[in-house]
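Enquirer: Using the hints, position chain B against chain A.
If you read the protein sequences in the order shown, they are chains A and B. My numbering numbers the first residue of the first sequence as 7 and each following residue consecutively. My numbering numbers the first residue of the second sequence as 309 and each following residue consecutively.
Because the hints were derived from the structure by calculation, they are not lab data. Since the model is a prediction, treat every value here as computed from it, not as a measurement. Take these hints with a grain of salt, some might be off.
[Stated by the list, open to error] Okay, the calculated beta carbon distance ranges per label pair: (1) Thr22/A with Asn376/B: 28 to 34 Å; (2) Lys28/A with Asn369/B: 27 to 33 Å; (3) Ser392/B with Leu57/A: 26 to 32 Å; (4) Val404/B with His32/A: 23 to 29 Å; (5) Ile391/B with Lys46/A: 39 to 45 Å; (6) Lys24/A with Ser378/B: 50 to 56 Å.
[Stated by the list, open to error] Listed below are several chain A residues computed to face chain B (Cβ distance under 7 Å; list not exhaustive): (7) Pro48; (8) Glu113; (9) Gly114.
All residues carry an ideal CB built from backbone N, CA and C; glycine is no exception.
Spelled out from the first residue to the last, the chains are:
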Amino acid sequence: ETGVTQTPRHLVMGMTNKKSLKCEQHLGHNAMYWYKQSAKKPLELMFVYSLEERVENNSVPSRFSPECPNSSHLFLHLHTLQPEDSALYLCASSQDAQDTGELFFGEGSRLTVL
Amino acid sequence: AQSVTQLDSQVPVFEEAPVELRCNYSSSVSVYLFWYVQYPNQGLQLLLKYLSGSTLVKGINGFEAEFNKSQTSFHLRKPSVHISDTAEYFCAVSEVDNYGQNFVFGPGTRLSVLP
Chain A
7 ETGVTQTPRH LVMGMTNKKS LKCEQHLGHN AMYWYKQSAK KPLELMFVYS LEERVENNSV
67 PSRFSPECPN SSHLFLHLHT LQPEDSALYL CASSQDAQDT GELFFGEGSR LTVL
Chain B
309 AQSVTQLDSQ VPVFEEAPVE LRCNYSSSVS VYLFWYVQYP NQGLQLLLKY LSGSTLVKGI
369 NGFEAEFNKS QTSFHLRKPS VHISDTAEYF CAVSEVDNYG QNFVFGPGTR LSVLP
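Bound-form chain B, shown alone:
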């Protein structure tokens, strides 16, 4: 069965500093990986996704993530954060089996960008 771990429940960081949000997953088959962002009182918005190909994936708002199969990780990074990046970030993994696509979400990491 799939599972997703986000080790950091909260990450405070100063504005313009770099940030890395960690995500590890477990799965017995090929997986597809996603990062979503949730701003207060809103739904989830896709930041980026890895389906195949290059292991370095670039997304919206200057975020990128690197798929590392040997370490079963998909960490999210941004070289310089802005106040507006304050939000909850969710890593998700999906598998496709005979019954369809199954998404499993991590517990989320709350990023707080401080002035």
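Here chain A stands alone, though its shape is the one from the complex:
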């Protein structure tokens, strides 16, 4: 299995739908992250979890709701999204949020909001 797995790879949803993105890491890492990648823009950090505790929330609208039930799983719950939320959502993990190690990324979930 790859180190960081994201499902679904592609998601199309209406503005009134509720859906969730799932991320699972098999690396034994303690920190997990959600990033948003939009066309023509740098990666935007959304959330950071360290040992299942949220340590950073970068002014993300409340229509995005993260959940980290354990150090291996991370979810991003989506509701009442806007078309401008269409993007590639990348999950990443690292050994520790306080360490100098690199991020390991999943392949991303491509979200389209109609």
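Expert: Showing chain B alone in chain A's frame:
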């Protein structure tokens, strides 16, 4: 605050030619530097990283980068590119403070290798 600049948004180059992708950063403290590659419809994959030690860092797929503290640069180079190197390349800088590690990514450079 940290920032990362990648001056070239697109770099076309012929196969087997050398290439340099430029990265400059600004930071007030010691930094750690990374290059990531993103192939179409995939996530980011680490190419190489500089944490300390030798300023010339070798990575996967024949890439290398040189950390230049005085010029605050971390340019990526490859002496001879292949068609399969066509991808988006991201430079990133991280700092560790009391709250943890903060990554900032550059806007990316799209490398197109032409036959």
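Enquirer: All hints are to be evaluated individually against the structure, with a verdict given for each.
Expert: Quick rundown of the hints versus the structure:
1. The hinted window of 28 to 34 Å between threonine 22/A and asparagine 376/B is violated, with their beta carbons roughly 52 Å apart.
2. As the Cβ distance of lysine 28/A to asparagine 369/B is approximately 30 Å, the hint placing it in 27 to 33 Å holds.
3. Between serine 392/B and leucine 57/A the Cβ separation comes to about 38 Å, which falls outside the hinted range of 26 to 32 Å.
4. Valine 404/B and histidine 32/A have their C-beta atoms about 25 Å apart, which keeps the hinted 23 to 29 Å range intact.
5. The hint said 39 to 45 Å for the Cβ distance between isoleucine 391/B and lysine 46/A, and at roughly 25 Å that hint is violated.
6. Between lysine 24/A and serine 378/B the C-beta distance comes to about 52 Å, which sits within the given range of 50 to 56 Å.
7. With 7 Å as the threshold, the beta carbon of proline 48/A comes within range of chain B, its nearest partner Cβ sitting at about 5 Å, so the hint holds.
8. Because the beta carbon of glutamate 113/A sits about 4 Å from the nearest beta carbon in chain B, less than 7 Å, this interface hint is met.
9. Interface restraint check: glycine 114/A against chain B, minimum CB-CB distance 5 Å, threshold 7 Å, status holds.
The structure fails to meet hints 1, 3 and 5 from the earlier list, while all remaining hints are met.
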